[in-house]
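Protein chains: 2
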Amino acid sequence: MQSNENSLDYDFDLTPIFRPKSTVIIGLSSRNPDHPGNAMFSKNLIEMKTKTYGITPRANEIDGHKVYQSLDKLPEVPDLAVVAVSARHTLQVIKEIAEFGVKGAVIIGGGFAEIGKEGKKKQDELVKFCIDKGMPFIGPNCIGVYSPPIVDTFFLPSERLVKPKQGNVAVISQSGGVLIDQFFINCKERDIGISTAVSIGNKAMVNEAMLLKYFEKDPNTDVIAFYLEGFHPGDGRKFCETARLSRKDVVVYSGGISSAGKIAAGSHTGSLAADGSIMKGAYKQFSVINPTTEQYLTNTLKTYSMLANPFRKYSTMSIHRDKIAVLSVSGGHGVICADIMDKYGLKLTKFTDKQKEDISFLLNPVASRIAGLNNPIDITGSGTDDDIVNILEYLLNAPNVEMIFTLLVPQVPQLSMRLGRSIMQIGNKYRKPIIAYVPWTPKYDLIRDALEMHYIPCGHTIEETVEMGTALILKGEGGIRKKMSTL
Amino acid sequence: MQSNENSLDYDFDLTPIFRPKSTVIIGLSSRNPDHPGNAMFSKNLIEMKTKTYGITPRANEIDGHKVYQSLDKLPEVPDLAVVAVSARHTLQVIKEIAEFGVKGAVIIGGGFAEIGKEGKKKQDELVKFCIDKGMPFIGPNCIGVYSPPIVDTFFLPSERLVKPKQGNVAVISQSGGVLIDQFFINCKERDIGISTAVSIGNKAMVNEAMLLKYFEKDPNTDVIAFYLEGFHPGDGRKFCETARLSRKDVVVYSGGISSAGKIAAGSHTGSLAADGSIMKGAYKQFSVINPTTEQYLTNTLKTYSMLANPFRKYSTMSIHRDKIAVLSVSGGHGVICADIMDKYGLKLTKFTDKQKEDISFLLNPVASRIAGLNNPIDITGSGTDDDIVNILEYLLNAPNVEMIFTLLVPQVPQLSMRLGRSIMQIGNKYRKPIIAYVPWTPKYDLIRDALEMHYIPCGHTIEETVEMGTALILKGEGGIRKKMSTL
Numbered sequence: 131m132q133s134n135e136n137s138l139d140y141d142f143d144l145t146p147i148f149r150p151k152s153t154v155i156i157g158l159s160s161r162n163p164d165h166p167g168n169a170m171f172s173k174n175l176i177e178m179k180t181k182t183y184g185i186t187p188r189a190n191e192i193d194g195h196k197v198y199q200s201l202d203k204l205p206e207v208p209d210l211a212v213v214a215v216s217a218r219h220t221l222q223v224i225k226e227i228a229e230f231g232v233k234g235a236v237i238i239g240g241g242f243a244e245i246g247k248e249g250k251k252k253q254d255e256l257v258k259f260c261i262d263k264g265m266p267f268i269g270p271n272c273i274g275v276y277s278p279p280i281v282d283t284f285f286l287p288s289e290r291l292v293k294p295k296q297g298n299v300a301v302i303s304q305s306g307g308v309l310i311d312q313f314f315i316n317c318k319e320r321d322i323g324i325s326t327a328v329s330i331g332n333k334a335m336v337n338e339a340m341l342l343k344y345f346e347k348d349p350n351t352d353v354i355a356f357y358l359e360g361f362h363p364g365d366g367r368k369f370c371e372t373a374r375l376s377r378k379d380v381v382v383y384s385g386g387i388s389s390a391g392k393i394a395a396g397s398h399t400g401s402l403a404a405d406g407s408i409m410k411g412a413y414k415q416f417s418v419i420n421p422t423t424e425q426y427l428t429n430t431l432k433t434y435s436m437l438a439n440p441f442r443k444y445s446t447m448s449i450h451r452d453k454i455a456v457l458s459v460s461g462g463h464g465v466i467c468a469d470i471m472d473k474y475g476l477k478l479t480k481f482t483d484k485q486k487e488d489i490s491f492l493l494n495p496v497a498s499r500i501a502g503l504n505n506p507i508d509i510t511g512s513g514t515d516d517d518i519v520n521i522l523e524y525l526l527n528a529p530n531v532e533m534i535f536t537l538l539v540p541q542v543p544q545l546s547m548r549l550g551r552s553i554m555q556i557g558n559k560y561r562k563p564i565i566a567y568v569p570w571t572p573k574y575d576l577i578r579d580a581l582e583m584h585y586i587p588c589g590h591t592i593e594e595t596v597e598m599g600t601a602l603i604l605k606g607e608g609g610i611r612k613k614m615s616t617l
Numbered sequence: 131m132q133s134n135e136n137s138l139d140y141d142f143d144l145t146p147i148f149r150p151k152s153t154v155i156i157g158l159s160s161r162n163p164d165h166p167g168n169a170m171f172s173k174n175l176i177e178m179k180t181k182t183y184g185i186t187p188r189a190n191e192i193d194g195h196k197v198y199q200s201l202d203k204l205p206e207v208p209d210l211a212v213v214a215v216s217a218r219h220t221l222q223v224i225k226e227i228a229e230f231g232v233k234g235a236v237i238i239g240g241g242f243a244e245i246g247k248e249g250k251k252k253q254d255e256l257v258k259f260c261i262d263k264g265m266p267f268i269g270p271n272c273i274g275v276y277s278p279p280i281v282d283t284f285f286l287p288s289e290r291l292v293k294p295k296q297g298n299v300a301v302i303s304q305s306g307g308v309l310i311d312q313f314f315i316n317c318k319e320r321d322i323g324i325s326t327a328v329s330i331g332n333k334a335m336v337n338e339a340m341l342l343k344y345f346e347k348d349p350n351t352d353v354i355a356f357y358l359e360g361f362h363p364g365d366g367r368k369f370c371e372t373a374r375l376s377r378k379d380v381v382v383y384s385g386g387i388s389s390a391g392k393i394a395a396g397s398h399t400g401s402l403a404a405d406g407s408i409m410k411g412a413y414k415q416f417s418v419i420n421p422t423t424e425q426y427l428t429n430t431l432k433t434y435s436m437l438a439n440p441f442r443k444y445s446t447m448s449i450h451r452d453k454i455a456v457l458s459v460s461g462g463h464g465v466i467c468a469d470i471m472d473k474y475g476l477k478l479t480k481f482t483d484k485q486k487e488d489i490s491f492l493l494n495p496v497a498s499r500i501a502g503l504n505n506p507i508d509i510t511g512s513g514t515d516d517d518i519v520n521i522l523e524y525l526l527n528a529p530n531v532e533m534i535f536t537l538l539v540p541q542v543p544q545l546s547m548r549l550g551r552s553i554m555q556i557g558n559k560y561r562k563p564i565i566a567y568v569p570w571t572p573k574y575d576l577i578r579d580a581l582e583m584h585y586i587p588c589g590h591t592i593e594e595t596v597e598m599g600t601a602l603i604l605k606g607e608g609g610i611r612k613k614m615s616t617l
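Same order as they appear, the protein sequences are chains A and B. The numbering of the first sequence is my numbering, which starts it at 131 and goes up by one. The numbering of the second sequence is my numbering, which starts it at 131 and goes up by one.
There's no promise every hint is true.
Pairs involving identical chains hold if they fit within one copy or between any two copies, as the list cannot separate such chains.
Taking lysine to any residue and the SDA-like style, the derived pairs with C-alpha atoms no more than 20 Å apart in a straight line are [to be verified]:
id: 1; residue 1: Lys151; residue 2: Lys453
id: 2; residue 1: Lys318; residue 2: His584
id: 3; residue 1: Lys477; residue 2: Leu576
id: 4; residue 1: Lys473; residue 2: Ser389
id: 5; residue 1: Lys473; residue 2: Glu424
id: 6; residue 1: Lys559; residue 2: Thr372
id: 7; residue 1: Lys573; residue 2: Glu319
id: 8; residue 1: Lys263; residue 2: Tyr585
id: 9; residue 1: Lys318; residue 2: Ile408
id: 10; residue 1: Lys173; residue 2: Gln544
id: 11; residue 1: Lys318; residue 2: Thr571
id: 12; residue 1: Lys486; residue 2: Leu286
id: 13; residue 1: Lys477; residue 2: Ile393
id: 14; residue 1: Lys293; residue 2: Gly606
id: 15; residue 1: Lys318; residue 2: Asp575
id: 16; residue 1: Lys410; residue 2: Lys473
id: 17; residue 1: Lys252; residue 2: Ile500
id: 18; residue 1: Lys196; residue 2: Asp575
id: 19; residue 1: Lys477; residue 2: Asn527
id: 20; residue 1: Lys559; residue 2: Leu526
id: 21; residue 1: Lys559; residue 2: Pro287
id: 22; residue 1: Lys318; residue 2: Pro572
id: 23; residue 1: Lys573; residue 2: Glu289
id: 24; residue 1: Lys559; residue 2: Arg367
Because the hints were derived from the structure by calculation, they are not lab data. In this text, all values refer to a predicted model and were calculated from it rather than measured experimentally.
Work the whole structure out from these sequences, hints included.
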């Protein structure tokens, strides 16, 4: 698509789309209260802060609220128009709003490139017109933007959604379903905050690189996360080049990486899925983090989101993959951690005999007799809070340790509920990351919360803990690449 | 170790250990209320149903309950003795209880083979004596047995634990920590019931194969799950041969599969970890299911536990890996599912043009216009309960479909909270498995519960759903191998 190959040269202002002072919803139904247009109208009117108008030729009011029959009846020119009419009427509506002076649009409806040649032609006409007019649009075939507390074009009733808190992660997805489900639910469940969420659908005009540029400048965003099934020709390279220059964390979860997935992606958004292994290599080269599972994605976002706090200076440190210590109160946990670290390409640092002796002296007499002093250190179920804190401080000072995984099993009798606070207090004294494992039961939230409120990430499983540590290492490695590439 | 290599030839009755009429705890402290012996004494006395005696030379009562100074003062001979004294006193205590007529023991303490030569010698003496006397023991270096509602030797205070419901999965672990943490918490969280849990520690006498034989006969157990870091010489083969003959599902989660993990396992339980790839091959050959992650383990146990219900006759069916249909209301979910299926070696069945046309006719008019009719089927956010149920019934009758993954995203406006019940009602009419994905928020428990209460497993993520399906396929394939091996 010609227009897309050049779209990056246009520098459209997306602010009217994400922070509109006023919004008009075009396409409401006087009969179907669940029509997407109606859902968006009442949602923005009542739940969000954008001034909201509705347009339908067939009614004066919807749900008791005044609506207008046509654009020219509106008391002002809205910044944003959300177009919820069928594909065959869309171009006409787009022409009218551009004429009226609207600054940006979200096109919800399907029936464009994703259904074949005929739809592709309609889509190309839209793009050509909007580039000429300088009016950017998101979509078509999407659910649009969620930009709290301003605007929300997700036409799904709010009570059906699980909404994460406001925070510092921008989420951009080629699938509206994945956005409201995997991203929203995992972020809510793991307490990751979202700055803005964008469903880009066919991304006919506003593409990945344009959004990357926008969120690069957004002061509320530290991490920019994508779900992508492929790129339009030329867009992959532009995306990677833009990502390389970004000072923020850029994370992509890829769909359509298998041949079966690629076929499915083709019929989903009409986009040609890029070859999985080529994009994987490109992401690595251009410092785009590319977690391979939904779980790994969530843990990566959580780690980057937390470590964006300026207190955690080590978030830009380079951590060597073979300088990791593991401290556990259960031998089995240490064994499993060592296996998982191997899978993620991390290595246990080797303690010297002197270090093992030192660690032994730090332990209570019972634990000292039965503890395993190799790495992973297994202080056994006889371990105490003091044992853990003292060994942690020792490791935080050890020159051959650059990151510590501490596997807490508070089930053992002598650990107290102050353990999280004690670890946090010692951790705060040093510029070296600790990542914790705390069993995922509310029973141990007192420990987990003390750690996480001070930006020490906690995995729900040992694998999650290792994923968090790996994400931190990748960030450091990427940072070095970024620095090198700008020399 | 000579004794271990022959241990399988002895056919000890383990019933006194798992279903003791009465139990004696040996080794209580008059000073430390958190001593393991004291914890076990009060736990069994108050929380469990075994009649419980405590022995300590230094007190007449502990926590207000009568205790005895020596064995000969007891009013009866207990079935089970739990030995919580130090390594150097253990053999003497074992001799006394054997003499007194106790039928089985659990040896809690460490300081045996796991600490080296000296400890290994002590352990060998114990084994030799107990084989001669015909008195089996679990351990040493373990937390013993949890056999609700009878007996619980896990010396950790109950309030620190998360206890799963009673059910049909027996859990045997070489790590007490992994048992009470990963197994207990995941089973509780995913509503998997446990029949018995055993921490085998150094498994000096009672080994994996003996436990397999015991649980094979246990009417409360349908699934037998292990966490293992390695085998004593000769025991791996015996275990596999016993598993091959088992009519129950045998699942092993392996620790110490990497070289770093193997070293850690060596210092943890003093057992030589078997070569990871050799055991992996052996497990496959002998129909032992060997999930590679904690998450996959949990989903495997959940699937087998649910499908042990006689209503779900397809649990022994052979399902072809390339005869799977995916039905989704979100295109992105279908793409991700296709990718994950590829990773697990599953393939999407190909629909004929006739089938696609049939499916299209089953859809409501709006969905019919925009739906993706390849496999995965994407009925889009315009889909309804009827669409899903009608297509499911069509697929349940399709000869080229042997299993269906249905990816439910109840966030979309037209799906109702009756959806789970509707799917379950149609699913119950056919002998073909449906595995569902339902987002992991309590908001959608009404849907999830309708499915799971009728033994249709639901994953919390798409990957979990695929893992459940893969586990079901592996079970069928294993069943065929088992049948073949007995011909």
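_Tell me the numbers of any earlier hints that the structure contravenes, in ascending order._
Going through the list in order, the structure violates hints 1, 3, 6, 8, 9, 12, 14, 18, 21, 24 and respects the others.
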